[in-house]
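Participant: So the chains spell out like this:
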Amino acid sequence: MIDTYLVPILKIAVLLNAVLVTVAYMVLLERKVIAWAQVRLGPMRVGPHGVLQPIADVVKLMLKEDITPVRVDRLVFTLAPIVSLVPALIAFAVIPFDSEVTLFGYTVSLYVADVNVALLYIVAVGSISVYGIILAGYASNSKYPLLAGLRASAQLISYEIAVTMMLVSLIATAGTLSMVGIVEAQAQAGVWFAFVQPVALVVLFIGGLAETNRAPFDLPEAEQELTGGFHTEYSGMRFALFFLAEYANMIVISTVVTTLFFGGWLRPFPNVALLAFLDLVPGWVWFVLKTFVFLYVFIWIRATLPRYRYDQLMHIGWKVLIPIAIANLVLTGAVKVLF
Amino acid sequence: MFDTSELVINMGPQHPSTHGVLRVVLRLDGERVIDCDVVIGYLHRGIEKLCEHRDWAQIVLLTDRMDYVAAASNNLGYCETVEKLMGLEVPRRAQYIRTILAELQRVASHLLWLGTHAMDIGAMTVFMYAFRERELILDLFEEYCGARLTYNTMRIGGLPLDLPPGWDRKAREFCDILDAKVDEYEVLLTHNRIWLDRTRHVGVIDGPEAVALGLSGPPLRASGVPRDLRKVEPYAAYAEFEFDVPVGLAGDTYDRYAVRIEEFRQCTRIIRQALDGLPEGPIIGKVPRLIKPPAGETYHAIESPKGELGYFIASDGKSNTPYRFRVRPPSFCNLQALPRLIKGHLVADVVALIGSIDIVLGEVDR
Chain A
1 MIDTYLVPIL KIAVLLNAVL VTVAYMVLLE RKVIAWAQVR LGPMRVGPHG
51 VLQPIADVVK LMLKEDITPV RVDRLVFTLA PIVSLVPALI AFAVIPFDSE
101 VTLFGYTVSL YVADVNVALL YIVAVGSISV YGIILAGYAS NSKYPLLAGL
151 RASAQLISYE IAVTMMLVSL IATAGTLSMV GIVEAQAQAG VWFAFVQPVA
201 LVVLFIGGLA ETNRAPFDLP EAEQELTGGF HTEYSGMRFA LFFLAEYANM
251 IVISTVVTTL FFGGWLRPFP NVALLAFLDL VPGWVWFVLK TFVFLYVFIW
301 IRATLPRYRY DQLMHIGWKV LIPIAIANLV LTGAVKVLF
Chain B
1 MFDTSELVIN MGPQHPSTHG VLRVVLRLDG ERVIDCDVVI GYLHRGIEKL
51 CEHRDWAQIV LLTDRMDYVA AASNNLGYCE TVEKLMGLEV PRRAQYIRTI
101 LAELQRVASH LLWLGTHAMD IGAMTVFMYA FRERELILDL FEEYCGARLT
151 YNTMRIGGLP LDLPPGWDRK AREFCDILDA KVDEYEVLLT HNRIWLDRTR
201 HVGVIDGPEA VALGLSGPPL RASGVPRDLR KVEPYAAYAE FEFDVPVGLA
251 GDTYDRYAVR IEEFRQCTRI IRQALDGLPE GPIIGKVPRL IKPPAGETYH
301 AIESPKGELG YFIASDGKSN TPYRFRVRPP SFCNLQALPR LIKGHLVADV
351 VALIGSIDIV LGEVDR
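Order-wise, the sequence lines are chains A and B.
Heads up, the first sequence stops at 339 in our numbering, and the numbers go up one at a time, no gaps.
Heads up, the second sequence stops at 366 in our numbering, and the numbers go up one at a time, no gaps.
Worth flagging that the hints you see were computed from the coordinates, not collected in a lab.
The structure displayed is predicted, hence computed values, not measured ones.
Every residue, glycine too, gets a C-beta built ideally from N, C-alpha and C.
Chain B stretches covered by chain A per the calculated footprint, using a threshold of three residues with CB under 8 Å from any CB of chain A:
hint: 1; segment: 114-126
hint: 2; segment: 189-197
hint: 3; segment: 339-350
In silico contact screen, one side only, chain A against chain B (beta carbon under 8 Å); selected entries:
hint: 4; residue: Val39
hint: 5; residue: Leu305
hint: 6; residue: Pro306
hint: 7; residue: Arg309
hint: 8; residue: Tyr310
hint: 9; residue: Asp311
Calculated lysine-lysine pairs in the DSSO-like style (CA-CA distance at most 30 Å, straight line):
hint: 10; chain 1: B; residue 1: Lys318; chain 2: B; residue 2: Lys292
hint: 11; chain 1: B; residue 1: Lys343; chain 2: A; residue 2: Lys143
hint: 12; chain 1: B; residue 1: Lys231; chain 2: B; residue 2: Lys181
hint: 13; chain 1: B; residue 1: Lys181; chain 2: B; residue 2: Lys170
hint: 14; chain 1: B; residue 1: Lys286; chain 2: B; residue 2: Lys84
hint: 15; chain 1: B; residue 1: Lys343; chain 2: A; residue 2: Lys319
Use the sequences and the hints to build the structure in full.
Facilitator: If you want it as C-alpha cells, here you go:
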C-alpha cells in the first residue's frame, strides 16, 4: 500500500513543488545574471538583493486581469498554455536525481519512475510542448502570434531530427534507454559520456536551446520582431504559464544533459579512487550542481548572442546538424562493431 | 487547390523596434516581405512653421527638438546657416569648441544607434554597454551647458559659454575610454558569426542607387561613395583636422555598421586634435544686438551623425523672424530607401534594416 501509492504520490508532490520553486527562482537568477553581465544590479527592491522578487511576481500575475480577446478560439486559447506547461512538468517523472537514499530508515529511490524507454518518453513529451506555442499562435486570432506559431513549427522540425539522431548515438554507447541505466553505464565505464560523445553533447545542447526557445533561437517570441510572438495576446496567469513552461523546459534540458553526458548523480571522475572523499557529498547535490551549470550557460548565452533568423535556424538544422548527427551515428556504430 | 493570400501586417506606430513612431505596413508572403508602405507623421509638430514665427535667436531651441539624440549638431547647422546669411565671423575658439561638441554628439548618436540596432537583432547586452558610454557624454554636456538631451548649446555668432575648467581633461579621458570600449563592442559583434549572418548581404544597395535615392551619411558611405561634408565642404573647424572617411564596399547592413564603428575612432581622433590645438580667445563674435539678417536666402548643410543636415532659410530683411524656414533632414531622406531595402527580405530583417539606416522620428516628421 505504502510502496505502491503513498511513496510515489509523495515523490510527485515534492518534485512538482521543487520544480515550480526552482522555476520561480530561475527567473530571478536569469534577471540577476543578465544584469551582472550588463553592469546593472537587477532586482534589488523586494527583499535583500531581490530574493523575494519571484513571490512578488507570482502575486502580481495572479492578481492581474485575465483577458481573453474577442474572436479568439476560446477552447484552444485556454488550452494552449496548459499544453505548453504540462509536458514540461511530466518530463521530470523519469529524471533520476539520485539512485537511492535512506530516509527515516526507509530506502527510497530519488526518481518517480524508472521506465525502460525513458529517453524516448522525454523526446516524445518534449515535442508536445511546442504544440502549445503553435496552438497559442493559431488561437489568438492575431497576426504576430500567427507568425510566431509558424516559426515555432518550422523550428521544431529543423532541430528535432538532429537531436533524436544524436540520442541514438548515445543509446548505442550506453546500451540502454533507461535514464537510470544510462547513469549506471557511465559508472561502469568510469567516464562521463561527455568525453565519449562530445559532438552529441554540443548538438544536443544546441537543439535544447532551440527546443526551449531560448536565445539565439528565441524566434517565436522575438520581442523586437513579433512584439512578444505567441504570448502577445495572453495576460495574467495564462501568460505566466508560458513562462513557467519555458523555464521548466530549460530545467528539463539541463537535467537531461546532466544525466546523459555528465553522469547524473555521480561525483566528478567516478573512476579515480583518490577522489573517493567526494562521495561524502550526496549524489543529488552533485546532480543539482551540474544542472545549474547548464542553466547558467543558458542564461549566459542569452546575455551574449544576437538572434538567428528563422531561415538560418532551418539552415543550421537541416544542412549542418543533421549531417553531423548522421556522421556521428555511423562513427559510433563503426566503433561499436570494430572494438 | 489551396489558395494563398498575402498577409498585411501593421508594424508600428507602437512597436518595440520602429525607433519611435514609425509605421510600416508590410505585405507578407509567409515571412517574406513583398512590399511595404512607410507611414510617417506621427510626431509632426510643425517645427518649420513654428520657426517662422520665432525670433532668430529663439529658433536654436526649436532645432534641439528635431533630431533629439543629436541636438548639438542641429544647433550647429542652424547657427552656421544664419551666420552665412548674415556674413558673421565666428571666433576660432568657438569653432573648435563647436567641433568638439558636434563630434561628441556624433559619438552619442552613434552609441544610441549601436545599442538599439544590436538590440533589434537580439544582442541586448551591447545596448547596456553603449548606454553606459553615452552616459559619460551626457555628463560632459551637462557639465558644459547644464542640459543632458536638448542642449540649446550654440548661439548665432558663437557659443554662450566657455568650457568649464578641467573639462578638456575629462573629454580626453572619455576618448581613451571610448577607444577601449569600441574594441569591446567589436568583440561582441564584429567577430560574432550570428551577427555576421544577420547583417551580411542584407539590404544591399550599391553606390549609384544610393546616390539616386538621395542617401547621405553613413548609409551612403557604406555603399562606397566617399561623400562626407566635413571633408568636401568643410565647416566649423574641420578643415584643420586630420581624419579619414570610412567607406564600405558592399553597401549591406554590415557595412553600414562597420562604417559607423570606424567613425567612433575618427571622432575621438578629431576631438583629441581639437583639444590639443584649442586656441585662446573670445567664444562669441561681434553679433548685433538685434539679429536681423539682410534680405536673401541661403542653404547650408552639415554632416550630422545621420547624414546631410541642411537648412534653407530665407529672410525678407524686415521682420525679426525667418520668412521661410526649411530643413533637409537626413533621416527623412534616408528613410526613403527603406521600402527598397526591405523588399524580398524577411520580417526579422525589417527591424535590422530600420535600425541600420538610423532614423530619428523627431527629425523625420519635424
